[in-house]
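**Q** In case you want the letters, here they are:
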Amino acid sequence: NAGVTQTPKFQVLKTGQSMTLQCAQDMNHNSMYWYRQDPGMGLRLIYYSASEGTTDKGEVPNGYNVSRLNKREFSLRLESAAPSQTSVYFCASRDYSTDTQYFGPGTRLTVL
Amino acid sequence: ILNVEQSPQSLHVQEGDSTNFTCSFPSSNFYALHWYRWETAKSPEALFVMTLNGDEKKKGRISATLNTKEGYSYLYIKGSQPEDSATYLCAFEGTGGFKTIFGAGTRLFVKA
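Protein sequences appear in the order of chains C and D.
My numbering puts the first residue of the first sequence at 1, with every later residue one more than the last.
My numbering puts the first residue of the second sequence at 1, with every later residue one more than the last.
So that you can see chain C by itself, here it is in the shape it has in the complex:
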């Protein structure tokens, strides 16, 4: 099993550009999450999807949108990137039988 996959691994954008970060899981998990990780701040929740068809805001949703395309895929979109969105983005899915989240490898995004 691939687990949780994310694309791309690295991306550089100019201020104002848009892009979509892709995430997919093959573990048949209902819930999926998007986090950003900044130095000294740990992981902060951007958006989550408790189940297919639902999405909710986390701690830091401003400037982002999400789509739960199907059970496997949960994408994060930056409509107009800002330098403050330079970060490492992690996607995760949750196994409710163990209450454990499984993380993808991360996407390192730089906005110039």
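Worth flagging that the hints you see were computed from the coordinates, not collected in a lab.
Remember, predicted model here, so these are calculated numbers, not experimental data.
Just so you know, not all the hints are guaranteed correct.
Listed below are the simulated DMTMM-like cross-link pairs for lysine to aspartate or glutamate, each with C-alpha atoms no more than 25 angstroms apart in a straight line [claimed, not checked]:
#1 D:Lys99 / C:Glu59
#2 C:Lys57 / D:Glu93
#3 D:Lys111 / D:Glu70
#4 D:Lys99 / D:Glu39
#5 D:Lys58 / D:Glu5
#6 D:Lys42 / D:Glu70
#7 C:Lys71 / C:Asp38
#8 C:Lys9 / D:Glu45
#9 D:Lys42 / C:Glu73
#10 D:Lys58 / C:Glu73
#11 D:Lys57 / D:Glu15
#12 C:Lys57 / C:Asp26
#13 C:Lys57 / D:Glu5
#14 D:Lys99 / C:Asp99
#15 D:Lys99 / C:Glu79
#16 D:Lys57 / C:Glu59
Keeping the supplied structure of chain C fixed, place chain D upon it in accordance with the hints.
**A** Only chain D this time, still in chain C's reference frame:
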């Protein structure tokens, strides 16, 4: 605003030392407390999920305790090894939702 705090921020120990870290979290509306291990250039990996007051979990040389009434958890590493060098994250999960709030982590350095 929910606050999850970890101390110390970083810790340098010698191989063979035993060490412990603290995670403080809200004592109300508690559902679960998670511990993750995060090696540089990798994704966070789950260590423990703790749900009951007084819970103690153990995996090899690593163990954790939980006090939900006072809102803290300790992670212990016995006989630290260089391969234990990593960031250890705790995450609080409250009732009524799927949100997980992470602490900033404790960065452990074990010198051979």
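**Q** Go through the numbered hints given earlier and state which of them the structure violates, listing their numbers in rising order.
**A** Result: hints 3, 6, 7, 10, 16 break, sorted rising.
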